[in-house]
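Engineer: Whenever a hint applies, use it, and build me the whole structure from the sequences.
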Amino acid sequence: MNAANQRGTGRSSAEDTAETANASASAGAAKGERAAAGSVPSIERPGIFHLAFPSILANLLYAVVAMVQTKFVGELGAEAVAAVGVGQRVFFALQAVLMAISAGTTALVARAWGADDRTEASRVTMASLAVGGAFAIALTLPGFLAARPVASIFGLDAATIELAASNVRWMSIFNVAFAINMVLGSALRAAGDAWSPLWVGAGVNVVNIPLLYVLVFGHYGFPAMGVAGAAIAGGVSFTLGGLVMLVMWIKQAFRLRYVSNGWYRRERFARLLQIGYPAGLEMLVFQAGFFIFLMLIGNYYGTEAFAAMSVGGNLMMVCFVVGFGFSIAGSTLVGQHLGADDHEGAVRSGWRSLWYAVLSMGSLGAVVAWHAPALAEFFLGDEPVTIVHTIHMAWIMAAITPLFAVEFAIGGALRGAGDTRFPLMATLIGLIGARCGLAILFTLLGWPVVWVYAAMAGEYIVKAAMLLGRFRSGRWKTIAPIPSAAR
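In the numbering used here, the protein residues as written are 580 to 1066.
Warning: the hint list may mix true and false statements.
Have a look at the derived ranges for each label pair, beta carbon to beta carbon [stated by the list, open to error]:
id, residue 1, residue 2, range
1, Ser839, His950, 48 to 54 Å
2, Tyr799, Pro981, 31 to 37 Å
3, Tyr879, Tyr843, 49 to 55 Å
4, Pro1027, Glu846, 50 to 56 Å
5, Ser839, Ile732, 41 to 47 Å
6, Ala781, Tyr843, 32 to 38 Å
7, Arg1051, Pro963, 43 to 49 Å
By construction, these hints were calculated from the structure, which means they are not laboratory data.
All values reported here derive from a predicted model rather than from experimental measurement.
A virtual CB, placed ideally from N, CA and C, is assigned to each residue, including glycine.
Structural biologist: Pasting the structure below:
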């Protein structure tokens, strides 16, 4: 019970102190009983780099594949690049539910692991897989039906719209595979095991790259499928990776054990939804804001400016994967420290993740900005207008990488604590209010597209200020209950 609720009951501070002491003693006794009963022994919590480094490597592998995909598709022209960008944006919007479940999984598994309740961590994982699989199946039909109508709102030419719709339809077939990878990967990292998802991810990429080569261009007897081939290559490789991860989990090959009973409890599902739904809404708000942003570019500045958004983002992907690694480290360690009732340790983990992210992302952003002209020419070939737009996009994103670091590290720390509502508010105000508001203003004024790209800076200034203020307030420490207490 938090301090505000205690004051509302009108009880004396002595009674509150006594109740807190009794609760702490009971929690300690419960941990002792689990250890004595021979459950999975306690282990020392990993350090930030122990979690961040393999997560960075795993996501760097995916970034390399995204760059290879961009290179392959880029040889088909700006329309193909823009189609992949639209397809990914629509697909991510449909995946918001799975990202919400993943956020709930991370927070609850980390809390349970920090409280030495390994069984509850396993049961949360099983419940998350069940919910994620069900929603993944339900999302398949909308992916087919809504692909072309949604792709058409960006104001691109008919050929690009059809390519984008094909990309979304093919990716929707593999929704369940994406769900398995997302949920199990999040659960393992929340339990402190970031290496297993890395090895599985490496295998996924080993399969993905040759499939891209074969299916995009049509080699070894396969038809040249272009943009659709890129989606199929990714889906098949993720399916194989998901199956491997699922089999290994069932065979008890991970530190996070598989359990087949006791996971179906209404309270557990309620906690997942309570923590996860704001994260899902945040993703929907993010996708809606990005839709507005891309609609402005596609309708008023053309396909080349639109394609530059995708290529510029891929050039900065190495910075983003580093930030994501520190986001995972921060969310895991904050959740584990809170589960162990170590609030100061949670605060330290959040701040350390932030400073590591700022230094690493800022340095990499400077390198990318310096080489942006050569990189843009490499990925786009003979597309001079798109190359110029891409260089401008990369320079702007490189300049605001420290603000991206706040989004990743502090946003991840808050979500790891179960505080998923405040990042939703920050995204709503920063993206919809600041970025889209400025982008609409610049478009109405008839300013060049570089000013519309620069509207991103307004978003991340607002979000960084809000997230830092929230973390400093400490209100996130008592947002989510310790899972074992509700069993």
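Engineer: Which numbered hints are broken by the structure, listed smallest first?
Structural biologist: Violated: hint 2 alone.
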